[in-house]
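K.L.:
On the provided structure of chain R, position chain A with the ligand as indicated by the hints.
One letter stands for each residue in the lines below.
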Amino acid sequence: MTALAGWGRTAPSVAVVRAAGEDDQLAEAVAGAPVRGVIARGLGRSYGDPAQNGGGAVLDMTSRSRVLSVDVPSGRVLVEAGASLDHLMQHLLPLGLMVPVSPGTRQVTVGGAVAADIHGKNHHAAGSFCDHVESLDLLTADGVVRSVSRESDPQLFWATAGGMGLTGLVLRVLLRMSHVESAHYVVDTERARDLDDLMARLEADDHRYPHSVAWIDCLARGSALGRSVITRGRSARVAELPRSLQRAPLVFRPSTRLTVPDVCPPRLLNGLTVRAFNELWFRKAPRRVRRDVQGLGQFFHPLDAVEDWNRIYGPRGFLQYQFVVPFGEEQALRDVVRRLSDAGTASFLAVLKRFGTGNPGPLSFPAPGWTLALDIPVGGGLGELLDDLDRSVLDAGGRLYLAKDSRATARTVHAMYPRVAEFRAVRDRVDPHRHFRSDLARRLDL
Amino acid sequence: MIDAVGNVQRVLLLGGTSEIGLAVLRELAGGRPVHAVLAGRPGPRLDAAGSGLRAAGHDVTVLPFDAEDPASHPQVLERAFADGDVDVAVVAFGVLGDQERAWQDHEAAVRLTQVNFTASVSVGVELARHLSAQGRGGIIALSSVAGQRPRRSNFVYGATKAGMDDFYTGLREALRPAGVSVLVARPGFVRTRMTEGLPAAPLAVDQDAVARVVVRAWRAHRDVVYAPAVLRLVMVVLRSLPSPLFRRLPV
Ligand SMILES: Cc1cc2nc3c(=O)[nH]c(=O)nc-3n(C[C@H](O)[C@H](O)[C@H](O)COP(=O)(O)OP(=O)(O)OC[C@H]3O[C@@H](n4cnc5c(N)ncnc54)[C@H](O)[C@@H]3O)c2cc1C
Numbered sequence: 001m002t003a004l005a006g007w008g009r010t011a012p013s014v015a016v017v018r019a020a021g022e023d024d025q026l027a028e029a030v031a032g033a034p035v036r037g038v039i040a041r042g043l044g045r046s047y048g049d050p051a052q053n054g055g056g057a058v059l060d061m062t063s064r065s066r067v068l069s070v071d072v073p074s075g076r077v078l079v080e081a082g083a084s085l086d087h088l089m090q091h092l093l094p095l096g097l098m099v100p101v102s103p104g105t106r107q108v109t110v111g112g113a114v115a116a117d118i119h120g121k122n123h124h125a126a127g128s129f130c131d132h133v134e135s136l137d138l139l140t141a142d143g144v145v146r147s148v149s150r151e152s153d154p155q156l157f158w159a160t161a162g163g164m165g166l167t168g169l170v171l172r173v174l175l176r177m178s179h180v181e182s183a184h185y186v187v188d189t190e191r192a193r194d195l196d197d198l199m200a201r202l203e204a205d206d207h208r209y210p211h212s213v214a215w216i217d218c219l220a221r222g223s224a225l226g227r228s229v230i231t232r233g234r235s236a237r238v239a240e241l242p243r244s245l246q247r248a249p250l251v252f253r254p255s256t257r258l259t260v261p262d263v264c265p266p267r268l269l270n271g272l273t274v275r276a277f278n279e280l281w282f283r284k285a286p287r288r289v290r291r292d293v294q295g296l297g298q299f300f301h302p303l304d305a306v307e308d309w310n311r312i313y314g315p316r317g318f319l320q321y322q323f324v325v326p327f328g329e330e331q332a333l334r335d336v337v338r339r340l341s342d343a344g345t346a347s348f349l350a351v352l353k354r355f356g357t358g359n360p361g362p363l364s365f366p367a368p369g370w371t372l373a374l375d376i377p378v379g380g381g382l383g384e385l386l387d388d389l390d391r392s393v394l395d396a397g398g399r400l401y402l403a404k405d406s407r408a409t410a411r412t413v414h415a416m417y418p419r420v421a422e423f424r425a426v427r428d429r430v431d432p433h434r435h436f437r438s439d440l441a442r443r444l445d446l
Numbered sequence: 001m002i003d004a005v006g007n008v009q010r011v012l013l014l015g016g017t018s019e020i021g022l023a024v025l026r027e028l029a030g031g032r033p034v035h036a037v038l039a040g041r042p043g044p045r046l047d048a049a050g051s052g053l054r055a056a057g058h059d060v061t062v063l064p065f066d067a068e069d070p071a072s073h074p075q076v077l078e079r080a081f082a083d084g085d086v087d088v089a090v091v092a093f094g095v096l097g098d099q100e101r102a103w104q105d106h107e108a109a110v111r112l113t114q115v116n117f118t119a120s121v122s123v124g125v126e127l128a129r130h131l132s133a134q135g136r137g138g139i140i141a142l143s144s145v146a147g148q149r150p151r152r153s154n155f156v157y158g159a160t161k162a163g164m165d166d167f168y169t170g171l172r173e174a175l176r177p178a179g180v181s182v183l184v185a186r187p188g189f190v191r192t193r194m195t196e197g198l199p200a201a202p203l204a205v206d207q208d209a210v211a212r213v214v215v216r217a218w219r220a221h222r223d224v225v226y227a228p229a230v231l232r233l234v235m236v237v238l239r240s241l242p243s244p245l246f247r248r249l250p251v
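Read top to bottom, the protein sequences are chains R and A. For the first sequence, the UniProt record's numbering begins at 1 and goes up steadily by one. For the second sequence, the UniProt record's numbering begins at 1 and goes up steadily by one.
What you were told as hints is all true, and nothing was included just to trick you.
Here chain A is said to cover these stretches of chain R; the calculated rule only asks that three of the stretch's residues, wherever they fall, bring their Cβ under 8 Å from a Cβ of chain A: (1) 8 to 17; (2) 54 to 61; (3) 382 to 390; (4) 435 to 444.
The hints are simulated quantities; they were obtained by calculation from the structure and are not laboratory data. All C-beta atoms in this analysis are idealised placements derived from N, C-alpha and C, irrespective of residue type, glycine included.
Bound conformation, chain R alone (with noise of 0.2 Å):
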């Protein structure tokens, strides 16, 4: 009997925790799976109740993390469900291949990463993981292995991309990697002075790199609102590199420096800490640089450098408030941003990221438009505030990221993600008892 609880640290639940051993133990596990279900659990980063089942079981997906085939010239890689990203990044590198959507961390599992169809600062240019899956062996709850492409049963593949593990066991993804030249990335960096200034800017160039994203002070008011950096860029040349680093473009040893010890005083996160530190941030970033060459971690992990700093929120527990808008609704993130602002919820930065087109999976989350994130520690009022985001973000189109939410109703989600009745009928079809169960099911009654 293990206490699991996600990335946030919130609503924990109780249950029976198994490392998945070879396919037919998982075979068996699924098949035999206790009243309340099972779902699997990659690295637990998702902020929320995905990866969790209150009484029922939960299997340790991370014990099977072998990359079974890599052919380089393709980029096709065959590889364990279980394996985290950093770990395909420090293998695949050397040989010149890249993951090809990298989120904000590393840590998170492949199976993870299809099961939230993740996406990364590429994907107005790449889309979302799951474009990148090839294929998928997926065991259902008739204990049997299925091979499953978008060819041979495009439901099942869509549906399972970003459904939450709720359709089976990911085992192995025949992933096509991006060929990339060096582990490190061209970066050109700039400030914005407020959110139009800033919208203005992601509109007029994010074509002209693959990866984009800008991070918002939350805390700067009135007409300084939404101000924010900029940081674009693309995979460096091998000629583009300082000569020190041209010897050996591929190298990639990324190192924690820091740990968050497990006892962090509640307090610690305030408005006057966070405040200081935003100021800092944003006096510290260039008001403008152009083909700065940073490592890979550098660019797309900085929080990587602390190990478990989610425990700097204390015992209350912090979560992700993430949504998407659709272009046009400018005004609808303009107003979810004052009132963010104006409710003064401690939070380092907000991320905000235009999304290209997204892909045919009902419960895939990105959707073309303007998406912000940010983290918030739970304090008295925000369930109420955040209700009152979720109309906005609903009458405006858009919808929240399931990878991220931990509090939202399952009529507001149903409301948002107009196909969950597609996706609950390819469910029903590969899973009519319900074997596959999770907290976030029973909330959102998916």
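P.N.:
Using the frame of chain R, we list chain A with the ligand on its own:
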């Protein structure tokens, strides 16, 4: 499901007509509609409680529940958990009784004890079973400061509350590994129908004030809460007073 910010979806109120219990339920719901399962003695008061909650936008299921019939409890709880997980169960039933009869009249004493103590244990055992099976959820047990130090004026009531308080305090520890939380709430004098006609004790409050304190404590994952909060200190003092002195206090 209890979510990251403490919202609940399904609340079971044992003692479906309890004013404090209903106030706690409303406070737990906050601004969101919830599914309320009201278990109580059938009658106009239970019906009124149900329609009041429905009018406020909540889904309501009403279950007949007789605290004096422990043999029926397992079945009642089976039904309460049949349609989905219960996030919080509020144990709110209880009677005050006539205190002078309660220590002199055999039948009155036994009845008070059966409702306040035996039935609390009876439902507690079943709640423990169902909630452990969920691997999550919680109990809010409405105890009373009266159980903290017996007073001449209501010691039988106090004794029953002391017993139920101890039971839920122990249950809290027993259920911790199962992911189930138990909050023992100890209100002071609350102005409700139950205390109507009695002279209000110092620090008397109404049920909504109690509910606010209790639910805030529940969201903060506290183990015990007094309502109003200052009673915690008052009780520290009262518990340590020697009897000759305590006897003379106007409490
Ligand atoms: C600091 C930080 C930054 C982040 N940045 C981004 C970002 O930029 N973009 C983005 O999209 N997301 C981002 N995320 C979210 C993260 O990418 C997703 O939540 C991802 O799903 C986490 O993967 P995991 O292995 O930790 O999965 P878990 O959190 O353990 O599980 C997530 C879901 O995947 C399912 N699952 C896991 N393995 C399997 C499997 N083998 N088969 C079937 N289902 C499985 C689980 O059942 C669960 O529903 C970020 C998270 C953090 C903490």
